[in-house]
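Following the hints, put chain C with the ligand in place on chain S, whose structure we already have.
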Amino acid sequence: MAEINLHQLLPYGDTTQDGAVQLSFTLPVEPSAKAREAATQLVRSWGFFDVKIAHMSSIGVGYAFFVVMARTEKSIDYPKVEAPQLDLQKRDYKEIDKKILQEVKRPIRLVGATTGFDAHTVGLDAILNMKGFDGDIGLERYKGFKVVNMGSQVPTEELIDRAVKENADAILLSKVVSQKDIHIHDMRDLIAQLKKRGLENRFVLVVGGPRVTHKLALELGYDAGFTIGSRPSDVANFLYEKMVEKKNGKTKK
Amino acid sequence: MYSKELPLNERKIARCRKIAAEIGNEVASLIHQNSTVGTERGILRMLGLNGALKHQGLQYPVANLIVDQLKENNRLQEGALFWVANALLAENIQMDVLEKGIAGRTINIGKVKPQDTKKTRKFAQELAEKAYRNLKTYREKRKKIMSHQKDPLREKRPLKYVIVATGNIFEDVTQAKSAVHDGADIIAVIRSTAQSLLDYVPHGTTTEGFGGTYATQGNFRVMREALDAMGPEVKRYIRLTNYCSGLCMSEIAALASLEGLDCLLNDAMYGILFRDINPRRTLIDQHFSRLICSVSGIWIMTGEDNYMKTTDAVKAGDQVLASQFINEVSALNAGMKPEQMSIGHAMEMDPAYEKVILMEIARAQMTRQIFPKAPLKYMCATKYKSGDIFTAHALDTVFNLIGSMTNQGVLLLGMPTEAIHTPWMQDRSVALRNINYVLNGSLGLSQEFGFNTEGFIAKFSQKVLDDCLTLLEKIHRDGFFKAIEKRVFADVSRTINGGKGADGVFEIDRDVYLNPFFKLMGSKI
Ligand code: B12
Numbered sequence: 000m001a002e003i004n005l006h007q008l009l010p011y012g013d014t015t016q017d018g019a020v021q022l023s024f025t026l027p028v029e030p031s032a033k034a035r036e037a038a039t040q041l042v043r044s045w046g047f048f049d050v051k052i053a054h055m056s057s058i059g060v061g062y063a064f065f066v067v068m069a070r071t072e073k074s075i076d077y078p079k080v081e082a083p084q085l086d087l088q089k090r091d092y093k094e095i096d097k098k099i100l101q102e103v104k105r106p107i108r109l110v111g112a113t114t115g116f117d118a119h120t121v122g123l124d125a126i127l128n129m130k131g132f133d134g135d136i137g138l139e140r141y142k143g144f145k146v147v148n149m150g151s152q153v154p155t156e157e158l159i160d161r162a163v164k165e166n167a168d169a170i171l172l173s174k175v176v177s178q179k180d181i182h183i184h185d186m187r188d189l190i191a192q193l194k195k196r197g198l199e200n201r202f203v204l205v206v207g208g209p210r211v212t213h214k215l216a217l218e219l220g221y222d223a224g225f226t227i228g229s230r231p232s233d234v235a236n237f238l239y240e241k242m243v244e245k246k247n248g249k250t251k252k
Numbered sequence: 000m001y002s003k004e005l006p007l008n009e010r011k012i013a014r015c016r017k018i019a020a021e022i023g024n025e026v027a028s029l030i031h032q033n034s035t036v037g038t039e040r041g042i043l044r045m046l047g048l049n050g051a052l053k054h055q056g057l058q059y060p061v062a063n064l065i066v067d068q069l070k071e072n073n074r075l076q077e078g079a080l081f082w083v084a085n086a087l088l089a090e091n092i093q094m095d096v097l098e099k100g101i102a103g104r105t106i107n108i109g110k111v112k113p114q115d116t117k118k119t120r121k122f123a124q125e126l127a128e129k130a131y132r133n134l135k136t137y138r139e140k141r142k143k144i145m146s147h148q149k150d151p152l153r154e155k156r157p158l159k160y161v162i163v164a165t166g167n168i169f170e171d172v173t174q175a176k177s178a179v180h181d182g183a184d185i186i187a188v189i190r191s192t193a194q195s196l197l198d199y200v201p202h203g204t205t206t207e208g209f210g211g212t213y214a215t216q217g218n219f220r221v222m223r224e225a226l227d228a229m230g231p232e233v234k235r236y237i238r239l240t241n242y243c244s245g246l247c248m249s250e251i252a253a254l255a256s257l258e259g260l261d262c263l264l265n266d267a268m269y270g271i272l273f274r275d276i277n278p279r280r281t282l283i284d285q286h287f288s289r290l291i292c293s294v295s296g297i298w299i300m301t302g303e304d305n306y307m308k309t310t311d312a313v314k315a316g317d318q319v320l321a322s323q324f325i326n327e328v329s330a331l332n333a334g335m336k337p338e339q340m341s342i343g344h345a346m347e348m349d350p351a352y353e354k355v356i357l358m359e360i361a362r363a364q365m366t367r368q369i370f371p372k373a374p375l376k377y378m379c380a381t382k383y384k385s386g387d388i389f390t391a392h393a394l395d396t397v398f399n400l401i402g403s404m405t406n407q408g409v410l411l412l413g414m415p416t417e418a419i420h421t422p423w424m425q426d427r428s429v430a431l432r433n434i435n436y437v438l439n440g441s442l443g444l445s446q447e448f449g450f451n452t453e454g455f456i457a458k459f460s461q462k463v464l465d466d467c468l469t470l471l472e473k474i475h476r477d478g479f480f481k482a483i484e485k486r487v488f489a490d491v492s493r494t495i496n497g498g499k500g501a502d503g504v505f506e507i508d509r510d511v512y513l514n515p516f517f518k519l520m521g522s523k524i
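Protein chains in written order, with numbering that gives the first Met the number 0: chain S, 0 to 252; chain C, 0 to 524.
Just so you know, these hints were derived from the structure itself, not from any lab.
Where hints are given, some of them may not hold.
[Stated by the list, open to error] Calculated cross-link-like contacts (lysine-lysine; reagent style DSSO-like; alpha-carbon spacing at most 27 Å):
no.: 1; chain 1: S; residue 1: 164; chain 2: C; residue 2: 382
no.: 2; chain 1: C; residue 1: 485; chain 2: C; residue 2: 473
no.: 3; chain 1: S; residue 1: 241; chain 2: S; residue 2: 142
no.: 4; chain 1: S; residue 1: 130; chain 2: C; residue 2: 112
no.: 5; chain 1: S; residue 1: 214; chain 2: S; residue 2: 89
no.: 6; chain 1: S; residue 1: 179; chain 2: C; residue 2: 462
no.: 7; chain 1: S; residue 1: 130; chain 2: C; residue 2: 70
no.: 8; chain 1: C; residue 1: 336; chain 2: S; residue 2: 214
no.: 9; chain 1: S; residue 1: 130; chain 2: C; residue 2: 143
no.: 10; chain 1: C; residue 1: 485; chain 2: S; residue 2: 145
no.: 11; chain 1: C; residue 1: 11; chain 2: C; residue 2: 336
no.: 12; chain 1: C; residue 1: 70; chain 2: C; residue 2: 112
no.: 13; chain 1: S; residue 1: 130; chain 2: C; residue 2: 117
no.: 14; chain 1: S; residue 1: 79; chain 2: S; residue 2: 98
no.: 15; chain 1: S; residue 1: 89; chain 2: S; residue 2: 164
no.: 16; chain 1: C; residue 1: 11; chain 2: S; residue 2: 130
no.: 17; chain 1: C; residue 1: 143; chain 2: C; residue 2: 473
no.: 18; chain 1: S; residue 1: 130; chain 2: C; residue 2: 481
no.: 19; chain 1: C; residue 1: 382; chain 2: C; residue 2: 458
no.: 20; chain 1: S; residue 1: 179; chain 2: C; residue 2: 481
no.: 21; chain 1: C; residue 1: 308; chain 2: S; residue 2: 130
no.: 22; chain 1: C; residue 1: 485; chain 2: S; residue 2: 130
no.: 23; chain 1: S; residue 1: 241; chain 2: S; residue 2: 194
no.: 24; chain 1: S; residue 1: 142; chain 2: S; residue 2: 246
no.: 25; chain 1: S; residue 1: 142; chain 2: C; residue 2: 485
no.: 26; chain 1: C; residue 1: 11; chain 2: C; residue 2: 473
no.: 27; chain 1: C; residue 1: 458; chain 2: C; residue 2: 3
[To be verified] Computed spacing ranges between beta-carbons, pair by pair:
no.: 28; chain 1: C; residue 1: 453; chain 2: S; residue 2: 51; range: 52 to 58 Å
no.: 29; chain 1: C; residue 1: 338; chain 2: S; residue 2: 166; range: 32 to 38 Å
no.: 30; chain 1: S; residue 1: 12; chain 2: C; residue 2: 458; range: 57 to 63 Å
no.: 31; chain 1: S; residue 1: 105; chain 2: C; residue 2: 502; range: 36 to 42 Å
no.: 32; chain 1: S; residue 1: 84; chain 2: C; residue 2: 458; range: 43 to 49 Å
no.: 33; chain 1: S; residue 1: 1; chain 2: C; residue 2: 393; range: 28 to 34 Å
Glycine included, each C-beta is placed from N, C-alpha and C at the ideal position.
So here's chain C without its partners, still in its complex pose:
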């Protein structure tokens, strides 16, 4: 028998979601009881405190300085918003004057005399509401720009995603423009190697990075303006994405919404597993960042594709799927719509295996069916690429075809030179020629064939789902953090109190601590 879709057991899928929701509760209670320096800085960014000052040769953000001052003066328990409101009342000044005062070191927010608590809280609430309205305005502005151009989403084909990673934002613009001319729909500015470990967001435009370009407000703006300017010329809307993992998740989300980014690679698990960021710290930060994304209409892009790089990808299907379910829950807890969840997966099985293409189709199609509304982010082969650029190009052709026939939302284009360097302009162009051919030539292919319900592909996908259910049950039994410690994901072990940025987490008393944003932004936590 042949059917249009793979025969996946709906009850098992529902059961996976239910267990994932329970796992999500463990993270939710953590978020309920704690905040972090990063989250507080995110709040300050929402209030518009985006300036920076020269500090030991660096551009150090005012938001960091404020949180440092509050921490030094034991004032973090009330939350940064409360003390900003307090300072504004005490000094009877506007936000920009406060910002200048802090940058000019004439105001130490940790030492401003406390005003009447009730009055301060009320004022803080007003500030938050105003910031929330601003966020909505940025969103409206973006929607308007989008409405003037044709959205490639409506073309019923995957979006073509390419990276630029020269280290210099102006060079990145040159490369991005060229890619857009050759058909790219999403430009991802890859972030400099070390940035996820920085506990502040660098300031201004930058021209020096390793393996990528610093994610800064200035750089966001430069690229956004360049892409917006291209829209009318190429007659389609070009999306922009950047990285929002590491120690500054919510701050970057706030800056991204201000500067009109469309997507963010937003996944605490990436930070935990691959950058050794403290799990509590980054999961708390992630929630606030996702709230911001949710309200700003920014798609989050999750990083499960990475798990397959440190494990045997043939066997990793269950952990990828389990993590996708968990990521979905945490996005739902932040009020996100499935249409905003660009859930990640990848074609990373060893190409030497017999039937490897069948296995890849099975997983791609299975993911499509389990997350029907999500603009799935499907990543090309990387790990098994070698310096043989010709064979790499062949792998990419197969990837493009699988992406097309299984209706993926976003295809992260493979580069022939993947194993050698970050893409040159011509590498990207050759990759775009490949995908343009495949997408154009295979348009509507998925409507033309069905799956053998007893066949290899069906059985392989059913097994992944079964294994995932078993795995989720195990994670639930052990507890999420214990499971991470036991190497459930990516074959990497991390402990709840280990990793970078752990000292930035602090416990809160909900009666004292003030953060009206959760409620305003529709947090389910």
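Excised from the complex, chain S in its bound form:
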């Protein structure tokens, strides 16, 4: 196998370091020799070379669709890349449950909801409901959690009210619709409203959704973000560790 230079990481097509990528896009002009040339020049201007217009065809009238193969030399120094990631020890449900009861000594109280006009509940339910997700049981089934699942279309204020009323340890927010960055808007809204009520340090804040990353969550002031493929035990594990950390008064970053 060819040596991979991680300091100059490049895409792999069929030869190490070849920098090959495939792109597809539409230009609002009819397909023509001129359109093809325009697409070639355009892709080159983005820093690619060896640009091949693999396919050009019309979409409706007045639009040309392109599939393009090209190469790049712009590499990245992989070891220097920083992407915050939850670094959790792997534990199964039984172990987490036992540890919570031993160390936190009471069930961790959770309130979860999808806020705003978002009506998607499958992701939140996958984490919270008994049956769980992907063969991994949901938090409701744990003895170590007391779960209130408010469902979807919940106004942010109501979510906070409920969290206060239940004396919750953590708020679990789900945001699925992301058109026009509505998920970010609603994530900010929760933080802003908590601040307004002087509650910004009261709860552990967890957010999840297909367009949520841990990095984004941290940037917006959450303690953790969970994206596609997250399993309830990942979340359980995080909540357990966070609660112990809070209890011991440490705040690790």
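Relative to chain S, chain C with the ligand alone:
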């Protein structure tokens, strides 16, 4: 042994229909005893009261204002029609003058002096008859436009249904046109996320929506005109559909008939289960909306495909079928013909399962046989699509082939980018290339093979039917509303008095309340 059709027990199918009819009676008595603010507004729309006024920065419909005024003055018991007739008589004016008076706040319909009741009722009856005739005229107009173009229905292949959802109706037109050029037969303008919870229909053309575009009369018109203009160019009639669930079902149906829509996604169960709309409110509204659709020749499209998204789709076959039977009954109660019932289902089983394609064929074929005349609306895989657009495209190819070989009425095209965003123009185009290939290449396929009567597909479909019968019996025993509460559908629980819009329902006294439309439009309730 092989046979052209699956060996489904006809007696069991008939038994399902019988139980569904009895379940339908429970809903019918609810409709008989109540009306809603939404239904009353639907009536006002039928009368042509479609204007709006600026109100707290919004365009607020006159129909809403009228119902609000009647409610404030305890006048809803007679029904909105009665008070419109009363106002016209009292002021001796025409409908458009009344509309202006209300919009200009010079008339408060809740306070207009009551006239002779008998005279008012008679006049109200005349107004209703005229509105009904208007509805028929819109229908005739549409039929005429259709008759000038070739109807893809006659091509004996499923209709190709695509969505546009840019949030801006003018951008939607650009995308729709492109899709029509690439072969689409039905354009669905997806509605903005929040709209089903609005207790009024926004007014005018709109350019800002989330995950879709507002359903308004103005937007209906813009898209309708664009599609009608394309007909001669592409030499086929293009159908238009929109959403008619939520808090304004009958109003939207009235506007859709006025603006010549061909289909409406019309299903109270969607509102109940997925938008938490009050069950009584929306089932009552649904009935009036279906009456309007029935007379206007609009197909209703039901939303059972959605149940499979919140449950395990392999196991959900029985609830989907049970709900289809119930939906069929409520459509029949509104005088609909089976040819107007675009009953919904979907290919949503986990693609990781062994024999999953066999199971999907079983369900698609079974649904085809149980509802032989309905233009079944078959929905592509969505839930198990990920950001891997290439695998998603593979799923769509299989979906298209199953749709073709089981003669579905309408295929809701899958998009490679389903898990990422509402479709871009190129996503739709790629999806259309896929289906054009499959439909063209598999034309007549269903005539070429039969089913093993002892095989896996036959057994799987028989089990779904058996389970459905058991489920319908259980729903009947528990009562429809209790069953919903017990999570029979989509694994979601809703209560009869819970949800949004419950305060818009009011009890009526049939001796006082006036709504001649039910009878005129052939309601069986
Ligand atoms: C099912 C579904 C629906 C169902 C929802 C039913 C329900 N009760 O949830 C119905 C049919 C009702 C629906 C409606 C709509 N939908 Co939808 N829907 C989907 C679909 C097909 C699957 C979503 C899903 O369930 N995924 C499975 C779950 C398990 O995955 P997940 O949500 O990512 O969750 C995981 C992680 O993200 C994370 N997670 C999620 N939440 C949380 C919360 C916490 C606390 C934690 C720790 C983790 C976590 O853990 C989960 C497990 O790993 C997607 C397309 C797709 N394939 O993704 C479209 C999709 C999400 N929908 C979409 C849209 C636009 C809508 C509508 C707005 C359309 C409209 N205009 O009417 C409506 C309206 C809903 C509204 N007001 O919000 C778009 C969103 C586009 C965008 N980028 O904004 C998508 C992508 C489809 C598309 N391509 O257009 N939808």
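Verification of the supplied hints:
no., hint, result
1, 164(S) - 382(C), "35 Å, violated"
2, 485(C) - 473(C), "11 Å, holds"
3, 241(S) - 142(S), "17 Å, holds"
4, 130(S) - 112(C), "61 Å, violated"
5, 214(S) - 89(S), "21 Å, holds"
6, 179(S) - 462(C), "44 Å, violated"
7, 130(S) - 70(C), "46 Å, violated"
8, 336(C) - 214(S), "55 Å, violated"
9, 130(S) - 143(C), "54 Å, violated"
10, 485(C) - 145(S), "22 Å, holds"
11, 11(C) - 336(C), "22 Å, holds"
12, 70(C) - 112(C), "16 Å, holds"
13, 130(S) - 117(C), "61 Å, violated"
14, 79(S) - 98(S), "36 Å, violated"
15, 89(S) - 164(S), "32 Å, violated"
16, 11(C) - 130(S), "33 Å, violated"
17, 143(C) - 473(C), "47 Å, violated"
18, 130(S) - 481(C), "23 Å, holds"
19, 382(C) - 458(C), "26 Å, holds"
20, 179(S) - 481(C), "39 Å, violated"
21, 308(C) - 130(S), "15 Å, holds"
22, 485(C) - 130(S), "17 Å, holds"
23, 241(S) - 194(S), "21 Å, holds"
24, 142(S) - 246(S), "19 Å, holds"
25, 142(S) - 485(C), "25 Å, holds"
26, 11(C) - 473(C), "15 Å, holds"
27, 458(C) - 3(C), "15 Å, holds"
28, 453(C) - 51(S): 52 to 58 Å, "53 Å, holds"
29, 338(C) - 166(S): 32 to 38 Å, "58 Å, violated"
30, 12(S) - 458(C): 57 to 63 Å, "47 Å, violated"
31, 105(S) - 502(C): 36 to 42 Å, "40 Å, holds"
32, 84(S) - 458(C): 43 to 49 Å, "47 Å, holds"
33, 1(S) - 393(C): 28 to 34 Å, "31 Å, holds"
Of the hints listed earlier, those the structure fails to meet are numbers 1, 4, 6, 7, 8, 9, 13, 14, 15, 16, 17, 20, 29 and 30, in rising order.
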